[in-house]
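Q: Protein chains in written order, with my numbering: chain L, 59 to 274; chain W, 32 to 393; chain D, 780 to 1156.
A couple of the hints might just be wrong.
[To be verified] Computed from the model, here is a short list of chain D residues facing chain W with C-beta under 7 Å: (1) Glu813; (2) Gly904; (3) Phe977; (4) Gln1036; (5) Ile1141.
None of these hints come from the bench; they were simulated from the model. Glycine included, each C-beta is placed from N, C-alpha and C at the ideal position.
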Amino acid sequence: MSYFGNISKAFSTIATGMKITFRHFKNARKPDGIFTTQYPHKAVPLPKFSRQQLHNRIEDCIGCMKCANACPVSCIYIETVKAPAGTLSDTSNGQKRRLYLTRYDIDMAKCMFCALCTYPCPTECITINSDFNFIKFERKDLLYKFSDYSPEQVEQIKQEAKLREQQEAAEKIAKAKAAAEAKLKAETEAKAKAEVPQVEAKTEEVKAEQKPETKE
Amino acid sequence: MDNILVWTMISILVMVGLVSVVGIISIYLERKVSAFMQDRLGPMEVGFGSLANAIIGKKTFKEGRIGLAQSLADGLKLLQKEDIVPKGADVFLFKLAPMIVFGGTFAAFAALPLAEYFVPADINIGLFYILAISSFGVTGILMAGWASNNKWGLLGALRSTAQMVSYEIPIGVSLISIVMICGTLSLKEMVLAQSGWFWNWHLFGAISHNGAIGIVLLPVMFINFLIYFTCSLAETNRAPFDIPEAESELVAGYHTEYTGMRFAIFFLAEYGAIFVGNAIAVTLFLGGWNSGIPMLDEANIPGIAPLIFITKVFVLIFVVMWVRWTLPRLRVDQLMNLCWKYLIPFTLFTFFYVTIYKVFLT
Amino acid sequence: MEHKIETDFMIINMGPQHPSTHGVLRLELKTDGEIVMACRPFLGYLHRCFEKHCESLDYLKIIPFTDRMDYLASMNNNWAFCIAIEKLMGIKVSEKCEYLRVIVGELNRIASHIIAFGTFGLDIGAFTPFLLAFIQREKIFDLLEEASGARMLYNYIWVGGVARDVDGDWLKKTKKFCQEFKPALDEVDELLSLNKIFVERTANVGVVTKEMAISYGFTGPNLRGSGVNWDLRKNEPYSLYTKFDFNIPVGAGEQGQVGDCWDRYIIRIRECRESIKIIEQALEGISLEGDIYETVPKNFNKMPKGEVYARSETPRGEMGIYVVSEGGKAPVPYRVKVRSPAFCSLSILEEICKGVMISDVIAILGSVDIVLGEVDR
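With the rest of the complex left out, here is chain L:
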C-alpha cells in the first residue's frame, strides 16, 4: 500500500471506529442505552427452571436413594432407618413411606448443578430452584441438612429401631425354632409313615426343608 494510502486508510478507519463509540456514548442516556444493571438493587429475573439450588421436601421423600445414585459427584448423603408400618404419613402423590430419613444431606460445595438427581425421583420431592443467593462464610455451612429429626430424635429412632430389630430377631429365632420343631415333628411323622410309599414321603421332606428358608 502506498505511503499516503496508508495514512488515509488509517484516518478513515479510525474515524469509523470513533463514530461508533461516540454513538454508544451518546445513547448511554437513553433507556436502553445501557445494558448492565445495578445488581443488588435491581436483579435480572431468572427463568423458572434455572438450576441454582437443590431442595428436598422432606415430608414427601421416601428415601429410595435414586437421587443419590444418579448424582455424578455423589454429593447426596442418605441414611434411613426402617419404620414400623403405619407410623409415617403418605406422600402427597400417594406413595407409602416406610423409612425414617435420619440423614438427608446435600453438599452444595460438591454439587455440579447438573440436576440429574431431580429426574429419577418418584415423588418429585427433590427439586432444583432458582434461588441463587446462598453465599456462606464457612464451607461446612454449604452442607444442607434436610432431615427434620434432631440428633436426639435420630438417636432415639435408631435405638427404637435397634430394639425392634432385636425383637424381630428374637421373634425370628422363635419362629425358626417353631419351624424346626415342626420340621422335626414332620420328620418323625414321616418316619412313622415309613410304610407309606416312598415317593409321597420325599415330597413331604422337601416341603419341610423349604419352610424355614423362605421365612428368613
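Using the hints provided, position chains W and D relative to the given structure of chain L.
A: Same frame as chain L, now just chains W and D:
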C-alpha cells in the same frame, strides 16, 4: 504590584490543589466515559454521602447515586494497602521511582498559564521548561522497571524509554513552528497573542500576528496540532500507544510490582501528565484561557478564565479517552515506524513551511 | 580499557497467571529483547482426569462432565458425546430433538465465537468491541438458560434426546434475538475488523500455510482460515445439517497472506452470520409436537459391546469421541478418549512463534482460540 503578588500566591495554591483534583476527576471521568461507550453504568455506588457514612460508620448522609466519590474511595483504599517491596528489588530505586515520576509531572504544573494572573511560575522559557521537566518522568519509569527485578517490568520500562525518546522529536519540532510565529517561549505571551476572536488561535494560522495572510498557515497548523496530539498520547503512554503498560502483553508493564500508595502515585502521575500534555495543546493551539469571543473575555467575570482553560483541557482529555476506548494497541516496531516514517517527516515539512512563511511572507 | 559486553537470551515465563494466556497455559519464551527466539507451551494446569473419570461413570452421568471440557461451548461437547453413544446404541433421535440440538448448538457456537474474537480484540488492545460483543453473548445465555436451566454448563443434550422441552415463547425470543444480533455483529465488525491498527497487528502475523495446518491437525475455523474448505457440517453431515442452506467461510488472505491471524479472526465473524442463517431456518422447520424423551433410554443395560468413534464440528474444530463399551448390567465405558481440537491448534505455537515479537505471540495465541479446559481435559 501587590495585586499581582496576591494573585500569584493564590494561583500557586490552586495549582497544588489542581494536581490532586485533576487526577481524581480524570480517573472518575475515564471510568464513566469508558462505561458509557461500552453500554455499562460505571461507578454508581460510592457517592460522597456513602463515603462519609462508611467513614463515620453511621447512616447520616444521603447515599450517592452516580458514584462521584469512587476515585476518592479508591485512593483511601490504596492508602491502607500493604506496601510490598519485592524480594531482590533495589529498594532505594524502587521507592524513589514513583516520586520522580510524580515530581516530574507536578513540576510541570507550575508553569501552566491558567489565566493572565494565574501563572504560578511565569518564566520566560515556560514551554521549554515544561517539555524538559515532563520528560524527566521517563527516568522514574526506567528506574521502576529496573528496580522491581521483574522481567515484565524491565521490558515495559525499556519500551517506555524508547517510545518517549523517539516521540520527543516530533513534539519538539511541531511546537517550534508556534515558537517561530510568536517569537517567544513564554506561555503567557503566547496565550495573550491569541486573544480576541477564536480565529486568532494558532490552530487557524497566524492571523493575530500577521493579519489575513496568516490564514495560509491553517493546514500546517492543523497537521501540527494532530501530530502534537498524537505524540502527547505516546508521551503519556495512552492507548493506542500504551505498549509500556500493555496489560494483555506485559501484565502491567513497569508498575507490575507496585502496590498500594506507590501504585496510586504512578496512576495519579499518569493522569497529571495527560493534563499537562493537553494543557500545552490548549495553550499553544487553542487559545489558552481565551474563550474565543472577545465580549466574554472583556466582561471580566471573576474566575471565568481558568474555568475556560480547564474546560478546554478536559474536552481534549475526553478525546484522549475516546481514542483509548476505540483503538487497539500498536506493536513496538509499528510505533517506531509511525514516529520515524510518518510523524517526523510531516513535522519537518510543516517546520519548513512555517520557516518559508516567516521569511518571505512577513 | 576494553569492555567485553556479553549478551544472553532472556527466558520469560508467560503464564499461568498471565492475563492473556486464556486460562492456565504457560509459555516459556526465550527472547532476544522483544524478539521471541523460541516458545514452548506447557500444559496440564487444568488437567482433571476427564477420561479416567468416565471409566467409573454411567453414560448419562458423563454428560455433565463433558460440559467442563470446552466450557465455552458446552452444548457442542454434549452433542459430540451423545452422537457417539447414539451411534453405538443405534438410537435414531426424533426430528424435533434434532432441531432443538441444532438451534442450541448454533447459539452456543455464536457465543463461543464471540469470546474468540472478543478476547482476540482484547489481546490486541481494543476493549470496547469485546464488551459490545459480550452484550450479545449475555442474550444468548439468557436464551440457553431458559431452555436448559444453566448459563454455561448446560447438560442439555442427552443421549437420545434433550433434557427439557421448549415452548413457542422461547422460539419467538430466539427469532427476535436473531434479528437483533445481525446489526450488533455488523457494528463490532465495523469497529474492529478493518481498523488500520488492528489490521497492522494481525495481518501477515502467525501465518499458517495450508500444508502446515493439515499436518498439524488443525480443524474448525483455524483450518478454514488457512484456506482449506473443510467443515464437518458440510463434508460429513450429521444431525440435520443436510437440510440447511449455509456457506463455509474460507480464509482468502484479504489483508495479507492466507492463514494469518486476521483470516482466522474474520472467519469467526463470518461463521456467526452463517450460524444465524442456520438458526433462522431451523426455527422455521421445527414443530413443537412430539415427546423429547421418546428415544431417551431408561438405562444403559442394552448397551452393546463394542467401540465407536464419532466426530462433530464444535466451535473450535473437530471434536472426536472414542468410546469402548463392554456392555453388561449398569455399564460404564471401558475407555473414553477425546480428540480435542484446541490441543491440536495449540501444538503449532512452537513452530510459528519463532522470530516474532512478544506482542505477536499474544496475537497468535488469541487467534488460534484455545480453551484450556479442553486442551488439558
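Q: Are the hints correct? Go through all of them and say.
A: Checked hints:
no., hint, result
1, Glu813, "holds (6 Å)"
2, Gly904, "holds (3 Å)"
3, Phe977, "holds (5 Å)"
4, Gln1036, "violated (17 Å)"
5, Ile1141, "holds (5 Å)"
Violated hints amount to a single one, hint 4; each of the other numbered hints is respected by the structure.
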